[in-house]
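With positions in the sequence shown counted from 1, the corresponding number in our numbering is that position plus 42.
It is possible that part of the hints are untrue.
Label pairs and their computed distance ranges (CB to CB) [unchecked claim]: (1) Glu294 <-> Ala204: 45 to 51 Å; (2) Val269 <-> Gly108: 43 to 49 Å; (3) Gly360 <-> Gly103: 46 to 52 Å.
Hints were generated in silico from the structure; no laboratory data involved. None of these values were measured; they are calculated from a predicted model. Note that the Cβ used here is the ideal one computed from N, Cα and C, for glycine as well.
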Amino acid sequence: MLTANLVRRFWLTTCIKVALVLLSVGLSAPYTQADDLALPPQAQLAASRAEPLGSLRLPSGPFQNGVLPTKLVEGAIDIRAYRIPLEAGSTLQLMSDLRDQLLVAGLKVDFECEAEACGGFDFRYGLDVLPEPDMHVNLGDFRYLSARSGAGHHLALLVSRADQIGFVQVTRVVGQGGSGPVQPPLVTDKPDLQPVAKPDDLTAAPAAPELVAGLEAGLSAALDDLVFEPGASSLSGGAYGSLSQLAAWLSEDPRRQVVVVGHTDASGGLEANLRLSRLRAESVRQALIRAPGILPEQVAAEGVGPLYPRATNLTEEGRRQNRRVEVIVTSTDLLMR
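Construct the complete structure from the given sequences, taking the supplied hints into account.
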């Protein structure tokens, strides 16, 4: 029979999981659609083309042996090209931020490639690209991604750059089985063009006893050594002991499952912070599932924005404490031992 202490722990974990489900269904619902793709605030719309009903062939693989494999998609078509001033950053950074948003929104990436691996010249000229100079494609530095969500919803990204200017083309096709209008990308409150850093080594440190004890007791553990700049979703470079310890614990048993929960301070709007917290949680999830021995299904990601502060938002130190990522065990068998 469960002790009273274990009952309390199980009840606490159940309440947390229910709260996360309610948040994802209620508050976060408007931000799980492909329509919510966010671009940096410096982004300027350079050109666009729309068709109420049309057909496109989206690449489904690289150009090789004289052939570019494609997939025919049909529906309402919206193609938009954006120019973004880049004092720093790269096409990888641009694409990584956009890809993270698609993953958080629940889209499935069908195909992704980089310049030479795509097939270079032949691949680029197999694409439907808005004309120069509004959409420029540097044959030595471009990236392509296609994704889909739901019945008949398709999205393709083409990212390139020339000197200090980035170019992004967003192609959306909403099939007749889809619903809702085709919307342009949103603009974020702050740009997130930081390098997408991978922790140096997630297998270097054994799991800390206090971290394991807290997780297996059904309590949340804050990963306080993670570093995010205000308004940014990518982890800063460096080694993170908490991630190494968590990765070691997860890799020991494939039945262990956790949810990574992103938190923000209260600066800015609620909707933007909810989105940012999900992106941060997904960044941590991606870092964990890249580690040896960890299955993708072992780690989920959620974001609750500023809704659960652990300090005041009236001081800089309090806001710093509130910008955090926590982890909670969701493996019921571990909590009921």
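Here is how each hint holds up against the structure:
Checked against the hint of 45 to 51 Å, the pair Glu294 and Ala204 passes, with Cβ atoms roughly 48 Å apart. Distance hint for Val269 and Gly108: a CB-CB separation of about 48 Å, consistent with the stated range 43 to 49 Å. Remark: the range hint 46 to 52 Å for Gly360 to Gly103 is upheld by a beta-carbon distance near 50 Å.
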